Structure formats: C-alpha cells, structure tokens
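Listed below are the residues making up each chain.
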Amino acid sequence: MAMMSIANALKSAITEEMRRDPTVFCIGEDEDIPGGMGGAFTVTKGLGEEFGANVRIAKEKGFELKGVKDFSNNRVINTPISEILLCGVCVGSAMAGMRPVADLQYGDFLFCMMDQLVNQAAKMCYMSNGGFHVPMVMRAPCGASNRGAQHAQSLESYFVHVPGLKVICPSTAYDAKGMMKQAIRDNNPVLVFEHKLLYGGKRKEAGQLSAMGEVPDGDYTVPFGKAAIRREGKDVTIVANLLMWYRAMQAAEELEKEGISCEIIDPRSLVPFDYETVLTSIEKTGKLMIVHEDHYNGGWGAQLASYVAENAIHLLDAPVVRLAAPDCPIPFSPILEDFVIPSIQRIAEEARKLARL
Amino acid sequence: MAMMSIANALKSAITEEMRRDPTVFCIGEDEDIPGGMGGAFTVTKGLGEEFGANVRIAKEKGFELKGVKDFSNNRVINTPISEILLCGVCVGSAMAGMRPVADLQYGDFLFCMMDQLVNQAAKMCYMSNGGFHVPMVMRAPCGASNRGAQHAQSLESYFVHVPGLKVICPSTAYDAKGMMKQAIRDNNPVLVFEHKLLYGGKRKEAGQLSAMGEVPDGDYTVPFGKAAIRREGKDVTIVANLLMWYRAMQAAEELEKEGISCEIIDPRSLVPFDYETVLTSIEKTGKLMIVHEDHYNGGWGAQLASYVAENAIHLLDAPVVRLAAPDCPIPFSPILEDFVIPSIQRIAEEARKLARL
Amino acid sequence: MVTFPSNEKALGMYKTMYKIRKYEESIYYLFLEGIMPGTIHQSTGEEASAVGMLYDLRKDDWMASTHRPAGHDIAKGITVRAMMCEMFGKAEGCCGGKGGAMHTGDASVGAMTANAIVGGNLPIAAGAALAFKMQKKDNVVVCFFGDGASNEGSYHETMNAAGLWKLPVIYVCENNLYSANTSISLTCCQEDVAAGRAEIYGIPSEVVDGNDVLAVNEAAARAIARARAGEGPTIIEVKTYRHGGHSRNDACGYRPKDEADYWIDQRDPVKNFRKVILEKGIISEEELQKEEAEIEQEIDDAVEYAKSAPLPTYDSALENVFWEG
Amino acid sequence: MVTFPSNEKALGMYKTMYKIRKYEESIYYLFLEGIMPGTIHQSTGEEASAVGMLYDLRKDDWMASTHRPAGHDIAKGITVRAMMCEMFGKAEGCCGGKGGAMHTGDASVGAMTANAIVGGNLPIAAGAALAFKMQKKDNVVVCFFGDGASNEGSYHETMNAAGLWKLPVIYVCENNLYSANTSISLTCCQEDVAAGRAEIYGIPSEVVDGNDVLAVNEAAARAIARARAGEGPTIIEVKTYRHGGHSRNDACGYRPKDEADYWIDQRDPVKNFRKVILEKGIISEEELQKEEAEIEQEIDDAVEYAKSAPLPTYDSALENVFWEG
Ligand SMILES: Cc1ncc(C[n+]2csc(CCOP(=O)(O)OP(=O)(O)O)c2C)c(N)n1
Ligand SMILES: Cc1ncc(C[n+]2csc(CCOP(=O)(O)OP(=O)(O)O)c2C)c(N)n1
Ligand SMILES: [Mg+2]
Ligand SMILES: [Mg+2]
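Residue numbers (this note's numbering), protein chains in the order written: chain A, 248 to 604; chain B, 248 to 604; chain C, 521 to 845; chain D, 521 to 845.
All clues stand as given, with none of them false.
Rough simulated footprint, nothing fancy, chain A against chain B, three-plus residues with beta-carbon under 8 angstroms:
(1) 363 to 374
(2) 399 to 412
(3) 567 to 581
None of these hints come from the bench; they were simulated from the model.
Treat the numbers as computed from the prediction; the structure is a model and nothing was measured.
Idealized CB from N, CA, C, for every residue including glycine.
Based on the provided sequences and hints, a complete structural model is requested.
What follows is the structure, encoded as structure tokens:
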C-alpha cells in the first residue's frame, strides 16, 4: 500500500501498463517535455525517461528543425497543437494494434476532435461489424477551476449519449489507478474524465481537494459499471460523481448531526452505468437526489432520473431532486463560479428538504 | 394559403427574410451552384438569382482560379469543404451585425464544427456579458435514411445540453416557415434540425413522408417554446418530434379503434422547451410516453422524463415510457435501420401497454 | 517515360480496372431499377488511380478510402460478392450489412473501413502508419482523398504531422475537379490542390495523369519504396474525372458538357489501357473478350447471389457496438 | 529602413508599450501575492507586436486575440481599470467578471472577446471581416495567433477562405518560439511557421522583427492599406519572445537559459525603444520618467480600485446566456 495523489495513481497505472504491454503508448500536446509540465497536470511527466519520447530523442540528437523519425523505441509522443490529428492518430493506431493513451490537457478541447471521437472512434467497430476495433483511451481533465468558460466544462453528458464510447470518471487514487488500467486493457474507446481539483499533483489550484488515498502495491483493476457506495445511509440516496460526491460527503456529515442519514453513491463509470446499485439504494431510502457539476438540461442525471421513472417509479416516495450547474456557461469570477457549481451548503439544503418530504 | 413542402417552406422563409433584412445571408457548401443541388436538399437552390451568389458571379465573370472578391451584392456564399470555417464565419459575421443562415448538408458534420458551436457561438454572448451577441442559424438535416452511420444521426440531444444555443425541430410546412423566420430574427445562435424524410422536395427518399401543408401567404412567425398538440386525447400523452410524431399519429389512429385515446404533442422547440403543455396533458392522462429517433441513453426524452419526475411525479399513474433508437450507431441495412428506429407498430404496442396499466 | 510492366501485371491491372468498371455499372443499373437501397458515390472513370496505386501493395499493407470507395476496395482485394452483399444490406456483406456503400472495408485484406466524413480518414491513416512504424514493420498505408478534402482542417493537421514524423503513408489526392457540385477552382487558389500544398509540410509530391494506370503505378512504386525505407510520406495528386454524378441523384448540371465529353470519350482509363495492351500484343482481342466475359459473369453472379442472400438478423443490429472479438 | 514616425506617435507607442509592461508586471505580483484568482498567460516581451499592429487602427476596426490578450486589449483601447477589474472577477470588469483573463474584450473599442481555444479566433475574425465587406465598410480586422496555432485545422480552413474571398483581415502570427512547453521546431518543419505557409493560400506575407515596434508598425500600415483597399488579407509573422512562463505556474524549465537571456536582456522591446526615443531627443529622460510615473500611477490606481470594486451579483451569473440586448 502507498499513499498517492490521483495524478500519481494515473501515472503509476500508465507506467505499469506500458511495461506490461508494448503496444501501449502515450500521446498528446506538451507530452513529457523535459523541464515542462507533462500534459497540463503532470500525469505524463517523466515517462519518456523509461519509454523514450520523441521530444527527448530529438533534443538529445541536437535535432532542431524536424521531429524525430524513429518511433520504435519512442512511446511518449508529443504532437503539434492539432486535436483532430491527435484523436485520429489514436483511432488509426488502435485499429492497427496499438493502445494509445492520449492526454488532452483540458476536456474542453474534446470539441475540437469531436468528429474523430463520435463519427470515427465510436462507430468504427460497429460499421465494420467488428472487423476493426479501437482500443484507445482519451484523458480529459474537467471541472471548473477559475479559468473561465472555455476551460471549465464538465463534459460527461455529451459523451454518455455516444453509442460506442465508454465514459468513466474516477475520483479516488484507488479508482484512478484501477480504472485507468481497466481502460487501457479495454478493447474500445474509453473517455476518462479527471477532475482538475482532485489531481492533488504539484500544481496548486484554488479550491482543490486532497484526494490522496491508498493504492495497493500489486496489479489490480477496477471494473467498469460498478458504482461505489461512498457512505451508507437510509434516508436519502445521493448519486454524485467526481468533486460532487466529496461535497456530498461533507453535506452528509452535517445532516448526520440533524439525524438525517444519506447514502452516497459514486457511479465511477457513466457508460456502462450501474443502475442496480442505485435501485437497491432507493429501495431502502425511497428518495433520490442526483448531483453533478455538468449542466442541468440533458445532464447525465436526467438519464438516471428517467431510468428510475421508467423502471422503478414505485420505489420513489418523493420527487427526484437534481442539483447541477445551471444552464449557463461557467463564469470566471470565483464568486459566480462558486454560485453556479453545487456547493456543500446547497447539497445539504436540498437533501434536508428531500429527507423531510 | 398555399400548399408547400417543408423544403419550399424553408426556402420561402429564407427568401422573405432576405428581402426584409439586408443583413441576412446564406452560406454553406454547394450553396446554389447553378445546375447543382442547393445544399444537399434543394432548400437554397436558386436564391442566388435574386440575391447574388459568389459562385454565380464567379462563373459569369469567366472567373476560374479564384473565388469572387466582391461580397456587397452577394448574399449566397458557397464555401470550401471547411466546417470550422463555415461556423466560425457565422459567429464572426454575426458578432459584426450580420445574420448568417448556414446550410450544413448533413447534421452529422456538426461534430466537425463542434468547437465553434459549443465553445464559441454558444458562449460568446455570456463571456462578453452581452457585449457581443451571435444571431446565427445553423441548418442541420437529420435522421436515418439508408445512408449509413455517418449520415444518419439524430443529434438534437447533444445540443440541448449546450447553454447558449436554441434548438428547434420544425416538422410541418407551417412550422418550418414560421420557425425559420423566428430563428433568423432571434438574436442568438439557433440550431435547426430538419428531417431528411420530411423535406418532400424533388429528391426522392425511401420511406419519405409527405409533409406538404398549408402555409399562410402573409408574414408570420411561430414562437419558440410553444409545443403543438397534434392530436387531442385522454388516455396517454405521447411527446414525439420530427418523423416520430407522424408515426405516433398513425399509431394513435390504430389505437383509437381499440378505444385508446392518445394525445400527441410535438415540442417543436427543444430549447426552450414547453414543459407546461406536457404537464397539462399528463394532468389529464396520467401517462407519459416519449418517442424520439435520437438514441436512448441521454436523449432529450431523458430530460423531459426527469423533469416530470422532479416536478410533477404525482401526476403520473404509471411509469414513464421512452421509445428511442437503441444505443448503437445507425446500421445501413434497411431492415436493420427499420428495426432500430421506432416504428408505428412499436409505438402502438408500447402505448397500448401503457394505456392498459 | 514509363517502363512497361510484365504482360501478366499489365493484364492483371487491366482486369481489375475492368472489374471495377463493370461493378460500378451494375450498381448504377440496380439503382435505376430501384432495387438497391441507399445512395452511392461511384468511381467510374477513376479506375486507373485505384488500380495503379494499389496493385503492388501487399495484403498486409493498408488502404484508407472515402465516400467513393468501391474501386479502392476491389483493387485492395475485397470480393465483388462481399461488396455487392453489403450494397444490398445483406449479412454476408463485407460489413455484415451494417456499413453500407460509404463504409465498405475488410480487415483481412487491409481495407480500412471507408470514411464518409470528408477528410476523416486522413489522420486515421496516419495513425495506422505510426503503428506500423512503432511495431517496426515495413508496411505502408495508402490513403485516398478528394480535391475537396484538401480544404478540411484535418488535412492540414495530418500532413504536418505525417511530414514531421516521416510516417510510411502515401496520401493520394484524386483530383476530379469537383467537390460534389462545386468546381475546385472556386474553393482553392491552386490547380494542384494537394501537390501544390505539400512542400510546406516537407513532404515530396508528384502530379500524375490519373487516367494512365502505368503512370500512377510508377508513382506508386516510388512512394511505396520511400515509405518502406523509412523515408516518410509522399503526396500524389492524380488528375482524373468521375464519369457520373457526385451521388445517386446528381445529373451533373453544373459541369460543362464539353469537359465531360472530353474526359469520358478521350480520357477513359479503361478503354485507353485496353487499346494499349492489345497494341502491345499482350493478349488477343478474342482472349481479352473471354477474360472480360468472365469478369462480367463474376459480377452477375455476385448480383444474383446478393439479391437472394440472407438478411442480417435483428440481433446483429445490437452487436459490435463494443467489440465482441 | 523604417521611417521614423512623428514625435507624438513615437511617444504614444512607447507609452502604450510601457503601460502594457507595467500592467503585466503588476498582474504578476498580484498572482505571487496570491490575491488574484485564476490563471494568466502574460504578454511581457511581446509589447511591440500589440502596439505596432494596433496603434493606427480606428476604434471601429476590430481586433481578435487569444489566451494571451492583455497587450492586445490595452493597445486596442480597453482601460487598465476595466482589465484589472475583470482579472479580479469584479462587476466593472470589461466582461462583468464573467470572462476572465483569457476572454477579455470590449465591443465599444472593437476588441472582440479573446479566445482561449488555440486557433478558435481565426475563422471568427474572417467572419467579422466578411461582414465588413458585405456592409461595404472599409474597416479591417487584426487577428493575433501564436506559432502553435498555425498547426490547427482552423488555421488552414480560414487562410484558404480568407485568401479566396480577399477578406479585409490581417493575421498576425506572434511567433514566440514556443507553444506552451513545446519548441516550435518540434511541431512544424518551417522556421517561418505562418509566413512560410502563406503562399499556398495566395496571401502575401511578411516576416518582421516583432520586438521592433517601428518595424511592426510599418508592416501593419502596409497590410491595413491593402485590406482597406479591398486587396485582401496579409499574414504578418512577428518574431518575438515571452519573457515569462507560458502560464502562471510555468518555470520555463524547457527553454535554454542563454536563449531567454538573449531575448530578455538584449531584445527587450520596451527598453530598446525607450533608448531610441531618448536618443532621437523626442523627450528628455526626466519628462519620460514623469510620463512613466503617471502610467504606473494609473495602474496602481486600477489595482486599488479593482481590489475594492463591487463583486458581480449572483443574478448576473444567469444573465446574458441569451442576449438580453
Ligand atoms: C465533413 C464533411 N463535409 C461535407 C460532406 C458532404 N460531402 C460528401 S462528398 C463531398 C464532396 C467531396 O469532394 P472531394 O473530396 O473532391 O471527393 P469526390 O467526391 O470528388 O471524390 C461533400 C461535400 C461530408 N461527407 N463530410
Ligand atoms: C484547441 C486548444 N488546444 C490546446 C490548448 C492548450 N494551450 C493553451 S495555450 C497553448 C499554446 C499555444 O501556443 P501558441 O499558439 O504559440 O501561443 P503562445 O502561447 O505562444 O502565445 C496550448 C497548447 C488550447 N487552449 N486550445
Ligand atoms: Mg473531387
Ligand atoms: Mg507561441
């Protein structure tokens, strides 16, 4: 067992998978530049030392005006700022037997590669009737962190709607490592949403939360489609992901004092989604509250609430409650950002109201 | 009053608005090439005759190797195959006082311009706190029509989730004209989903449906956020858009014979959404069924069902039913395509079951 | 001057071109008859490009095509039966009926799933080439695209990286003068849309008569050799013309009759190469007719087979969303 | 050789450069103090580009900037107070606090909302230029972008159309040798990343010493004149360098010390131009110090003002999602 930040847990998963399987490689902008960041959040920093990096090799060779040509011992690939290329290269190399793990710096740039993700990566296996498949991982940092509307989005819900993509959102060091390994071994495109305020790397962020946690020493994976019950309770079921379940935990502590007991479920993977665990919990509580940082209208919480209204409406003793960012872009001003992202207080308030219904 | 196809109703709306307001212009690939299609579905064919078109002017001038330079009397603009450019030019020209109406040929290509739509068009007004605004219309043909997975998508649900975009889906000639005018006059980006099988233009499509309808002679608009009750009924409320409400109408006729009375609501605009009309209907029927051609997981129907579960769960006498394309890309083979897109039979079956609960 | 290939190769190339031509013709008539579903973008008139580029590829080299894939796919080795079954949406189609006319492909012959997003295949082909390079294989990827595709952002992003990384990929711009209804002269300031824009990426380029299969084949040989040797990508721009419309319903009202006549009557790659091999005495007229008849028979058989071949099961619609391999 | 501008203009340019420098420095210290939220991409060292390009624009000409916008915005006329309030997320910020450091802008002075998507502003600027052209105005748009942005697909799509349509837009590539941590030499095979790739779009280009405000200003004048005359776009590549890190937390470990020293010590655009105007006798050392002190005061005042300026109301978070005009 070791205590690790999420950033390090991810790095450790990627490193071990690269050792285990020579087809795994990393690719992205600012990938492992000596003296630089290692993506935007340090996850891939230093990997080139062990696995070779096109930038390192180019520098060592005093190579100035062109990229390095030999990729056979070169498994950390820095790309130009070209997101269509980045995703397309993942798709094509995956079809040809590799397992790319791409770093997008900020999830907001997913829109720049959206065609390659939705029309290509997600549909290739289906259109070819299984003739080709696309084992690739796209890592997308997400969440609001005082950077303004184009660097703040929670984007899970867009991708939940894409048949052919798996969507995960690990939020503890344990899950980060185990799910990243699972993602790399998956034979399909997996989109990984990592919350900027949870990395706990060297980079300091206002409002960041320590998600340091214990990580087993040996090899392990965390399967997709199995939610984690972060706290057991009997009055209200709260389903929340990423930063939001941490806030829900704090809200639950407050409510505990008032005699209200919350069960907190972190879905961890959104596609596939573990409806079972949620239904089992509602059977007990009769009350469902969903919290996400993604926008309200058409957010993934809508799908969950709808699923319950379709399949288990009789379990509900009260209306479903959804707490989400309102349908506005994320404002820069910290006071406004705090206002739009569900807070501990608002979670507590809404859960309290729901419990008392 | 005149009988019109949807293709002609759209053309007539665009023509009248271009006459009324000199800032309105059309832009797109294959836009009004003499002897060509006029977009992919004839809507903009011939507009250049009255309003000038860069392609026409270039041809008249015997212009061969470059595009035409004078755009002052040139309001139908043909672009290279460059979707980022197409959308970006809409955003920028709208910020500078124009009202572009863009034709995308197939909605599936929205993903190629997704950054410009989601990060730019939708956020510009907000980020500038109203300093700039973006009155633009993006026309996106949608729906499955035997073309295969990359030319078949129903994409409404992705965009319903984008704060700052309005999303409409007109499906009668009357609405097509009135809502297109409304869209052109709106001061914000409006995404218009037009169903390929409903155009009723000269182009013949397998499975197409005649949506010819009466259109008033004078100027009129159809406001956003007001659903249309296509059929009144008392046992089951069916909310369905585009091709799906036509199918629901046929299903309802069958069910009528069995003594089951369906109320059919076409939301027409998805953002803003007319929840009121749906709730009023459920008050009467106690039963809600949602039908869309877009995929199930995270489809706009999830938002509607969730809204009801949050705000009016007490009105429901039975679980919500959602009928949608399953979560697979759209297969080419007509027999498979028919299988995945909700059919009259399946709508009837599900409504029958729901009515009997 | 091109050196003439072996008799066997010349005949082989001709037969593949003829097969593509007859395949496309039969598809055309099946559409006219109204018994073929969907839409189609035909490659009639562009056979020399497909065959010249792909004839010398190995099976384990890869090929990436577009919305106009039939010629490429047949030249890469997909059987007309598997193609025809796909067109009819049948279970034995090369994609089980789930791909359709714009997505034909077959992993077993190195034909990547064709791509109906203009420019969509470009970075994917680069990715496959990168994989070969990382795997220390000497395989290459041939990626076709249209003149119109050269205006897509994906083109720029891909060429830049392919050049930098010296990827073993050959980008073949089939410049047929039009992107759908639009003359390329209206959307790009250069006549050589791809070759004219290759140098900035540090990628060598060639402009080739795309209706001369020998010229195309020689350019292909040079590019393949470079790629296999680790010297990087080549952009080849083949000048060609589609005989028919852009897609099923296109009457080509936007293009000058004399232009079409010229290309169809005087520059037909199949007819012209037929003359050449007869003149060279590679085969007699009668023997050639026999070969042609065999090909026609193969296609007729494929049509008959496809018509009555089994439909896919409903279950298959929900299979392979995720790989079940 | 550049012709020296009027004394007034030279001093005006210097003062704007100095204002930008001091503004960026104060921001830097406010971050160090830990009292400024968010992140920031500073333009210290690139002042000559902003000022040289924008000094002669009219208010109703437009400017489109990037994630590194402060210099451009101040040069285009946004007050340091409105900028500073935005940085603190205050209601009187140029975007009401809703934009932040990467989205500053102000319609009333023709500063388009800055764009934090690399390459995102390029087609938008083309759109504004197209609007001016359709409206028969003689206005122009100046659009800044980085060396790194030239590898985006949006760059290619935009340049192609801007060239075809002869749009009144001036694309200014601020080549500061790095895109974030990555040396441009690793991501593009050309040294002149933009100018070297301009010809294929039929767009004239210039490479300019970006740390010489006069050289930039002269190139700007030529480009603006062309654009106003309807002769179309120009690509100007200014060679420059950012003195600081890419963003707030960047210690620049990836760049050689001698390179940074050279640019910061010997090529400082502000210090060097200061010498020039003193040598030319345009102003005395004492008077200049007085002017500089005034500017410093303006910025200190802005900081003080911004610190205690009112916060935006919660309601404002939900306003202007759609225009409320
Ligand atoms: C991204 C995208 N934009 C537009 C289209 C619609 N479209 C299909 S084919 C085509 C023309 C392509 O021209 P070109 O690349 O020259 O290929 P050609 O059809 O001539 O073989 C267009 C515009 C598309 N399929 N994908
Ligand atoms: C589409 C997109 N990709 C990546 C980023 C992350 N990013 C922000 S700035 C930057 C470097 C930009 O380099 P350049 O264009 O040279 O501008 P500079 O920062 O040097 O001024 C990167 C990669 C982004 N903001 N947008
Ligand atoms: Mg073409
Ligand atoms: Mg730079």
